[in-house]
Amino acid sequence: MSIQKINHLKELESESIYAIREVAAQFERPAMLFSGGKDSIVMFHLARKAFYPAKVPFPLLHIDTGHNFSETIRFRDNLAEKYKVTMLVEYVQDTIDQQKVTEEKGIGASRNGLQTVTLLDAIEKHKIDAAMGGGRRDEEKARAKERFFSHRDAFGQWDPKNQRPELWHIYNGKKKHGEHFRVFPISNWTEMDVWQYILMESIEIPSLYFTQKLEVFQRDGVWLAKAPFMEMRENEKTEIKEARCRTIGDITCTGVTLSKAASLQDIIEEIAATRVTERGGRADDKRSESAMEDRKKNGYF
Amino acid sequence: MQLLRFTTAGSVDDGKSTLIGRLLYDSKSIFQDQLDAIEETSRRKGDGHLDLALVTDGLRAEREQGITIDVAYRYFATPQRKFIIADTPGHIQYTRNMVTGASTADLAIILVDARNGVIEQTLRHSFIASLLRIRHIVVCINKMDLVDFSQDVYNEIKNHFMEFVPKFDIQDIYFVPISALHGDNVVKKSGNTIWYNGETLLHLLENIPITYHNNMTDARFPVQYVIRPQSEEFHDFRGYAGRVEGGIFKKGDLVTVLPSGLQSTIKSISTLDGELDLAFEPQSVTISLNDDIDVSRGDMIVKSDNMPEQQQIVKAMVCWFNPMPLQQRGKYTLMHTTNTLRCMIQAIDFKMDINTLEKNYEDKNVGMNDIAHVTLQTTKPIFSDAYRKNRNTGSFVLVDEGTNETVGVGMIE
Numbered sequence: 001m002s003i004q005k006i007n008h009l010k011e012l013e014s015e016s017i018y019a020i021r022e023v024a025a026q027f028e029r030p031a032m033l034f035s036g037g038k039d040s041i042v043m044f045h046l047a048r049k050a051f052y053p054a055k056v057p058f059p060l061l062h063i064d065t066g067h068n069f070s071e072t073i074r075f076r077d078n079l080a081e082k083y084k085v086t087m088l089v090e091y092v093q094d095t096i097d098q099q100k101v102t103e104e105k106g107i108g109a110s111r112n113g114l115q116t117v118t119l120l121d122a123i124e125k126h127k128i129d130a131a132m133g134g135g136r137r138d139e140e141k142a143r144a145k146e147r148f149f150s151h152r153d154a155f156g157q158w159d160p161k162n163q164r165p166e167l168w169h170i171y172n173g174k175k176k177h178g179e180h181f182r183v184f185p186i187s188n189w190t191e192m193d194v195w196q197y198i199l200m201e202s203i204e205i206p207s208l209y210f211t212q213k214l215e216v217f218q219r220d221g222v223w224l225a226k227a228p229f230m231e232m233r234e235n236e237k238t239e240i241k242e243a244r245c246r247t248i249g250d251i252t253c254t255g256v257t258l259s260k261a262a263s264l265q266d267i268i269e270e271i272a273a274t275r276v277t278e279r280g281g282r283a284d285d286k287r288s289e290s291a292m293e294d295r296k297k298n299g300y301f
Numbered sequence: 001m002q003l004l005r006f007t008t009a010g011s012v013d014d015g016k017s018t019l020i021g022r023l024l025y026d027s028k029s030i031f032q033d034q035l036d037a038i039e040e041t042s043r044r045k046g047d048g049h050l051d052l053a054l055v056t057d058g059l060r061a062e063r064e065q066g067i068t069i070d071v072a073y074r075y076f077a078t079p080q081r082k083f084i085i086a087d088t089p090g091h092i093q094y095t096r097n098m099v100t101g102a103s104t105a106d107l108a109i110i111l112v113d114a115r116n117g118v119i120e121q122t123l124r125h126s127f128i129a130s131l132l133r134i135r136h137i138v139v140c141i142n143k144m145d146l147v148d149f150s151q152d153v154y155n156e157i158k159n160h161f162m163e164f165v166p167k168f169d170i171q172d173i174y175f176v177p178i179s180a181l182h183g184d185n186v187v188k189k190s191g192n193t194i195w196y197n198g199e200t201l202l203h204l205l206e207n208i209p210i211t212y213h214n215n216m217t218d219a220r221f222p223v224q225y226v227i228r229p230q231s232e233e234f235h236d237f238r239g240y241a242g243r244v245e246g247g248i249f250k251k252g253d254l255v256t257v258l259p260s261g262l263q264s265t266i267k268s269i270s271t272l273d274g275e276l277d278l279a280f281e282p283q284s285v286t287i288s289l290n291d292d293i294d295v296s297r298g299d300m301i302v303k304s305d306n307m308p309e310q311q312q313i314v315k316a317m318v319c320w321f322n323p324m325p326l327q328q329r330g331k332y333t334l335m336h337t338t339n340t341l342r343c344m345i346q347a348i349d350f351k352m353d354i355n356t357l358e359k360n361y362e363d364k365n366v367g368m369n370d371i372a373h374v375t376l377q378t379t380k381p382i383f384s385d386a387y388r389k390n391r392n393t394g395s396f397v398l399v400d401e402g403t404n405e406t407v408g409v410g411m412i413e
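Protein sequence lines correspond, in order, to chains A and B.
Using the working numbering, the first residue of the first sequence is number 1, and each one after it goes up by one.
Using the working numbering, the first residue of the second sequence is number 1, and each one after it goes up by one.
If we strip away everything but chain A, and leave its shape as in the complex, we get (with noise of 0.2 angstroms):
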């Protein structure tokens, strides 16, 4: 007897589950990154699907830049409230009072660089041993290479032509101390079947995702968002278009989609139909060729 194989949705969510399973298993104090954005949100509901009917066994962590869109931290405190999850925020600003890192000045200027010192020193603070995060490895050529568990070790870094070999499904979680892991529990899933699984699955994720009117200007390209905190170049108008957003992160760096998808399903036809990569619109990526592989290296997500 043969059971044809399951749905490829169904058949991720297993992998999914599996991977956060074993974190709780394997470390004694893991926790989970929480940006607000869809990954993170469809990574904290595979983890309540993983531990049903208990609680989720550890508390999400948040890296606040400051320069949020101010539904995301509503729908981050509403998450947290509604789960009965901790949220613990690490605030950017923080470091750069505690001056360990300058602010960049100026156009393009942006704090998600930054993050990646918060980042570690909350690891630190809270003696987090795994870190489990929302990268997918279709997002990005160097996230194409990462493992499930991901080894750091005690000054955070990535080192990826060392990376321990990952067979089957066998997560080798071992370390030293001081060192600690990153975990991508949804490395396999790409950007459409995480839109495909909110829809199946019904999650709720902000607004933001669906078409509105927002304030919006266009440099090198890229559609972004006005806000009170970004500079401006003399030639860079504002105006009001309907607009979505196709990822959210922070905001000087996350560009918006001109669309009118208005529900799940438009957004689903929107992106079929595509030419261009979620992460075209960040200009986090644009800086350089390899410009992830080295913020990766040196501890960012």
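Any given hint could be a false lead.
[Unchecked claim] Only part of the chain B face toward chain A is listed, based on derived beta-carbon distances under 10 angstroms:
1. Q34
2. A241
3. V399
[To be verified] Calculated pairs, SDA-like style, for lysine to any residue (alpha carbon to alpha carbon, straight line, at most 25 angstroms):
4. A:K82 / B:K389
5. A:K176 / B:I208
6. B:K267 / A:S14
7. B:K331 / B:T375
8. A:K10 / B:I208
9. A:K241 / B:D33
10. B:K389 / A:K241
The hints are simulated quantities; they were obtained by calculation from the structure and are not laboratory data.
Predicted model only: the values in this text are computed from it and were never measured.
Here a beta-carbon is modelled for each residue, glycine too, at the ideal position from N, C-alpha and C.
Starting from the known structure of chain A, fit chain B onto it as the hints suggest.
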């Protein structure tokens, strides 16, 4: 929609990365901004054409050296299926990466350069594919454009390959004449090979029937985590979280918990979406039992009428991954299903010459990328099946006790 995981193997210049680039490009899975980046890089390198191999070469060192060092995972979907590609390097020193990519694959594409025919590396790749129990093999005879799309060349290579097939445990094999560079028979049927009656590569990928590898009778459930909500609503709930690694579990089934050997029946199979009547591979579920017995991580729940092997002396084929050679009498941490214990290498029985497929009983030096048959002893019994019967309960990894690195992997005999 179903998910098909496949791996690609070929020698250094067989055009593997180009083939993957071609599959992604012709199935319209490369986005405009990725194409722009590739065009920009191709132009800077002065290639004069769009270098599709750049699609898969992710790390800076690889782009600089023009070779694939590590396993890279790629994703694409057609209306028929979703695909995960493990793109692995072909160089001999990267056998470990090919083994890694093969460990989760349902299908392997083996590339042969039409000008060179079946070479040692082709056999090595086929051997690894059969060792890792990949069900379906598609041999792509590439660079047909460089041999004038000759049917004779194709037949000669096919026949040569078929001579070796009895040496391998390969169940399902296909041959496709292609040109990855120009796209012949990759996604679209080629007018240059009218003598070829078979399907294109993509058609095969979309239509080969895929079922689970394991037979549906050997029910195996390694316990990952114990769930105890201790909430008012679920006051007495005690469940065992895990992934079904073979067979089918049904509510009411008589089960045995290993190693204690205590029996009980399945009270419920729960998920956030509600209770299930049955669960099978690869579902992650939570099982509750009708009796209050002690069960913890590393234990295995099995159907009482179908027990796995319980052994402390394990014979296995081991692929070594580390620059520090495998130590005879050496002690390692062994990770098997959700169980972690210690083991000692009792004997290196023989080493495989993966180019001639001969067994070498003299050479006991097992270094990086070597494959050897070993006998090891574990501190406690493990509950396993032969790898050829069940990939999940027949596989293990060896971890160095000092460095914590994953130094080897094994397939139980």
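Hints, verified against the model:
Annotation: B:Q34 was flagged as interfacial toward chain A, and the flag holds, the nearest CB pair being 6 angstroms apart, inside 10 angstroms. For B:A241, the shortest C-beta to C-beta distance to chain A is roughly 5 angstroms, which falls under 10 angstroms, so the interface hint holds. Taking 10 angstroms as the C-beta contact cut-off toward chain A, the hint placing B:V399 at the interface holds, the least distance being around 6 angstroms. Between A:K82 and B:K389 the alpha-carbon distance is near 45 angstroms, which puts this suggested pair outside the 25 angstroms criterion.
Proximity of A:K176 to B:I208 is assessed by CA-CA distance (about 45 angstroms); at most 25 angstroms being required, the pair is judged violated. At roughly 21 angstroms between alpha-carbon atoms, B:K267 and A:S14 fall within 25 angstroms of each other, so this suggested pair holds. Distance restraint check for B:K331 and B:T375: the Cα-Cα separation of roughly 12 angstroms lies within the 25 angstroms cut-off, and the hinted pair is therefore satisfied. For the proposed pair A:K10 and B:I208, the alpha carbon gap of about 20 angstroms is at most 25 angstroms, so the pair holds.
With a C-alpha separation of about 23 angstroms, the suggested pairing of A:K241 with B:D33 holds against the 25 angstroms cut-off. Restraint check for B:K389 and A:K241: not satisfied, since their Cα atoms lie roughly 59 angstroms apart, outside the 25 angstroms limit.
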